[in-house]
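Q: Protein chains in written order, with our numbering: chain A, 20 to 423; chain B, 25 to 261.
Careful: at least some of the hints might be erroneous.
Straight line, CA to CA, 27 angstroms or less: simulated BS3-like cross-link-like pairs of lysine-lysine [unchecked claim]: (1) Lys110(A) to Lys100(A); (2) Lys29(B) to Lys219(B); (3) Lys342(A) to Lys220(B); (4) Lys413(A) to Lys28(B); (5) Lys164(B) to Lys329(A).
On the chain B side, residues computed to face chain A include the following (Cβ under 7 angstroms) [said to hold, decoys possible]: (6) Asp85; (7) Gly90; (8) Phe117; (9) Phe122; (10) Met139.
In short, the hints are calculated from the structure, not lab data.
Owing to the predicted nature of the structure, the values given are computational and were not obtained by experimental measurement.
Note that beta-carbon positions come from the ideal geometry of N, C-alpha and C, so glycine has one too.
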Amino acid sequence: MNYVQIIRSAIRALRGNILRTILTMLGIIIGIASVILIISLGQGASSSITSQVSSLGANLIFIVPGKQIPGRPPSASNSLKYADMLALADKTRMPDLGDVSAQVTTQAEVVTNGQNKNASILGISATYANINSLEMNQGEFISPEDESGYSRVAVLGPDVVADLFGEDAHPIGETITIKSRSFRIIGVTKAKGSVGFTNPDETVYVPATTAMKVFLGQDSVQAILAQATDAKKVDETQEQIIAFLLDQHKITDPVLADFTVRNSKDALSIVNNVTGLLTGMLAGIAAISLVVGGIGIMNIMLVTVTERTKEIGLLKAIGAKRKDILMQFLIESIVLTVSGGIVGIILGISLSFLATRFLPIPFVLQPSAILLAVGVSTIVGVVFGIYPARRAAKLSPIDALRYE
Amino acid sequence: MIDKKPIISLRNITKSYITGSAECQALKGISLEVYKGEFVAIMGPSGSGKSTTMHIIGALDTPTSGTYTLNNKNISAYSEDQLAEIRNQEIGFVFQAFNLLPRTTVLDNVIRPMMYGRVPQNEQTERAFECLRLVHLEDKASNLSNHISGGQIQRVAIARAIVMDPSMILADEPTGNLDSKTSHEIMTFLQDLNKKGRTIIVITHESDIAAFANRIILLKDGLIISDKENNRFIAKK
Ligand SMILES: Nc1ncnc2c1ncn2[C@@H]1O[C@H](COP(=O)(O)OP(=O)(O)OP(=O)(O)O)[C@@H](O)[C@H]1O
Ligand SMILES: [Mg+2]
C-alpha cells in the first residue's frame with residue numbers, strides 16, 4: 020500500500036472529527052511550543068552573553084581575590100592589592116601583559132543641582148577604556164595622572180548624563196556629588212548597551228585610587244583586568260601571572276593561592292554551563308508535557324479504534340493485512356502528533372520572537388531545535404500510537420464486522 | 025457454461041461458538057460445491073447459519089472442522105494474512121450495511137482493494153471508473169460515500185467487489201435495507217454480472233430475491249435441508 024495514499028486517508032479521518040483532533044493535538048502543541056520557546060530563549064541568552072564576553076576579546080584575563088573552588092560561592096577577600104596591579108603593569112617584570120586595570124565597584128546616589136540617580140560607581144585605571152573598548156562622546160577618559168593623583172574626576176555614561184542633565188547635555192566641567200564628595204565631570208562615554216549584568220551607559224567611572232580611598236577606605240581591589248599581548252598565548256600568560264602573584268604574595272604552594280585567575284574563555288564556559296543547565300531543566304519540564312500529550316493521543320486513538328471497528332472489519336474483508344491496518348492507524352497518530360508539532364513550532368517561534376522584543380535577548384532560531392521538535396513529535400506518535408494500532412490490527416474480521 | 029471443477033468445495037464443515045460455558049454449533053456439517061458461473065442463493069430462517077457459511081466461504085472465518093477448498097487450494101489452514109490475500113484476490117463482498125468507508129469518495133472506496141492488491145497506481149483510477157460504469161455510477165465518483173442513496177451504496181459495493189476481478193462475489197443480504205424496486209435493480213446488476221460468467225452467491229430471506237438465482241440452497245439449524253435448481257430458471261430453459 021502506498022504511503023501517500025495512507026497519509027491522505029489519515030488526514031481525511033482526522034479532518035472528519037476536527038474538534039477532537041485539535042483538542043488531542045493541544046498537549047503536543049503546548050509541549051513542542053514550550054520546548055522551542057525555552058531552547059530559543061536559552062540560546063538567545065547564551066549567545067548574547069557570548070557575544071558580550073567575546074567583545075571583550077579572547078585575550079582578556081581576570082584576576083579576582085580569594086581561592087575560587089568550582090561549585091562553591093566565591094569567598095570575599097582583601098588579598099588582591101592595588102600594588103599587585105601596579106606590579107603586573109610593570110612592563111619590565113611582565114613583558115607579555117598589555118594593559119592592566121584595577122577595578123572596584125560600589126553602588127551610590129549621584130546628585131547634581133536637585134537631580135539624583137542611583138548608579139554603579141566603577142573605580143578603574145586609565146587603561147580601562149582601552150581594555151573595554153570604551154569610546155568617548157565628549158571630553159577625555161580618566162588619565163594616568165588622575166589615577167596617581169587621586170583626582171576627584173568622573174566620566175559618565177550617557178544614560179547618567181541624560182538623567183541628571185537631560186538628553187544631549189554638555190556636562191563637562193560640571194560638578195556631581197557622590198556620597199557627599201564632589202567630583203568634576205571630565206568626559207562622557209558613547210552609548211554601548213548593556214553587557215552581561217552591567218550597563219556601561221548607566222555607570223559613573225572614577226579613578227580606582229580615589230574610589231578606594233574615598234568610598235571604601237581600603238587598598239585592596241575587587242578585580243584586576245589584564246590583556247595578554249598575544250591572544251594565542253592566553254593560557255601561558257595566565258600561568259605567568261599565577262607564578263608572578265604567588266611570588267608577590269610569598270606563597271610557595273600553588274594550592275594555597277589567595278587569588279584566582281580566569282580568562283574570558285573560562286568565564287564563557289561557566290556562563291554557558293549555567294545557561295545550558297537551566298535550559299536543560301526547563302526543557303525537561305516541557306518534555307513531561309509531551310509525555311502527557313502522548314498519553315492523551317493514545318487514549319483518543321484507542322477510542323478511535325473502537326469507534327471504527329466496523330471500518331476495520333470492512334478493510335480486512337476487502338484484503339487489508341495486519342500490517343496495512345497497523346500502518347494506517349500508526350500513520351494516523353503520527354500525522355496527529357507531527358501536525359501538532361508543526362503548529363507547536365510555529366507557536367513557539369512566534370512566542371519567542373515576541374518575548375525577545377521585551378527581553379534584552381536576541382532572537383535566535385536554531386534549525387536543530389526545529390529538527391528536534393519534529394523528531395520528538397514523530398517519536399511521540401510512534402510510541403503512543405503503536406499500542407492502539409496493534410489493537411486495531413489484531414481485530415479479527417468477523418468480530419469487527421459483527422460488532423455493533 | 026458450467027465448469028466441471030468446482031471453485032468452492034465445502035466438506036463436512038462445522039462451526040462452533042463458545043459463549044461462556046455453552047457451546048453453540050452454528051454449522052453442523054455442511055457439504056456443498058459451487059461451480060464457476062453459478063448464481064446461488066442461500067436461504068433459511070434467522071440464525072440458521074447463512075452468514076456463518078458465507079464468512080467461511082469468504083475466508084473471513086475458519087471452520088471448526090471440515091475442509092474448504094477454494095480454487096483447488098485447501099485454505100482451512102491458511103494464516104490470517106494469507107486469508108487476507110485470498111479475500112483480496114478471489115472474493116468480492118457486498119454486505120447488507122456498512123459497505124463503504126465513511127468520509128471517503130465513491131472512487132476511493134472502489135480503489136481501496138487495489139491499494140491492498142498491489143495494483144499499479146496509474147491503473148487504479150481507470151479500473152475503478154470501468155467498474156463504476158458497469159453500475160452506472162461514473163458520475164458519482166467524486167461524491168462522498170455518505171452523500172449517496174442506499175441503492176447507490178450497494179451499487180458502489182458491487183463495483184468494488186468486481187474491481188479485483190475475483191472468482192466469485194459474495195453478497196450477504198445485499199437488498200436487506202432497500203425497497204423492492206431498488207432491490208430488483210441491484211439483483212439485475214448481479215444477474216448481468218452472472219451472465220458475463222461471474223460466480224455469485226447471495227444470502228437472502230426473500231424468495232423474490234432468491235428467484236434471480238439459478239440454484240437455491242436452504243439452510244436450517246446449521247444443516248442444508250434442500251439444494252436444487254431454481255424452478256423458474258429451469259422453466260425458462
Ligand atoms: N460470534 C458468535 N458468538 C456466538 N454465537 C454466534 C456468533 N456468531 C453467530 N453465532 C450464532 O450462530 C448461529 C448462526 O448465526 P448466523 O449469523 O450465521 O445466522 P444467519 O442465518 O445469518 O441469521 P440472520 O438471518 O439473522 O442473519 C446463531 O445462532 C448465532 O447466534
Ligand atoms: Mg446473517
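Q: Give a verdict on every hint.
A: For each hint, the structure was consulted:
Proposed proximity of Lys110(A) and Lys100(A) is supported: the alpha carbons are some 18 angstroms apart, at most 27 angstroms. Annotation: proposed proximity of Lys29(B) to Lys219(B) holds, straight-line Cα distance about 19 angstroms (limit 27 angstroms). Between Lys342(A) and Lys220(B) the alpha-carbon distance is near 35 angstroms, which puts this suggested pair outside the 27 angstroms criterion. A distance of roughly 39 angstroms separates the Cα atoms of Lys413(A) and Lys28(B); the hinted pair therefore is violated under the 27 angstroms criterion.
Taking the CA atoms of Lys164(B) and Lys329(A), the gap is about 24 angstroms. The hint holds against a cut of 27 angstroms. With a least beta-carbon distance of about 5 angstroms to chain A, the hint placing Asp85(B) at the interface is held under the 7 angstroms criterion. With a cut of 7 angstroms, the hint placing Gly90(B) at the interface with chain A is violated, because the nearest CB-to-CB distance is about 17 angstroms. Residue-level restraint check for Phe117(B) holds (minimum Cβ-Cβ distance to chain A is 5 angstroms; threshold 7 angstroms).
Here the hint on Phe122(B) is kept, as its CB sits about 5 angstroms from the closest CB of chain A, short of 7 angstroms. With a least beta-carbon distance of about 5 angstroms to chain A, the hint placing Met139(B) at the interface is held under the 7 angstroms criterion.
In this structure, the earlier hints numbered 3, 4 and 7 are contradicted, and the remaining ones agree with it.
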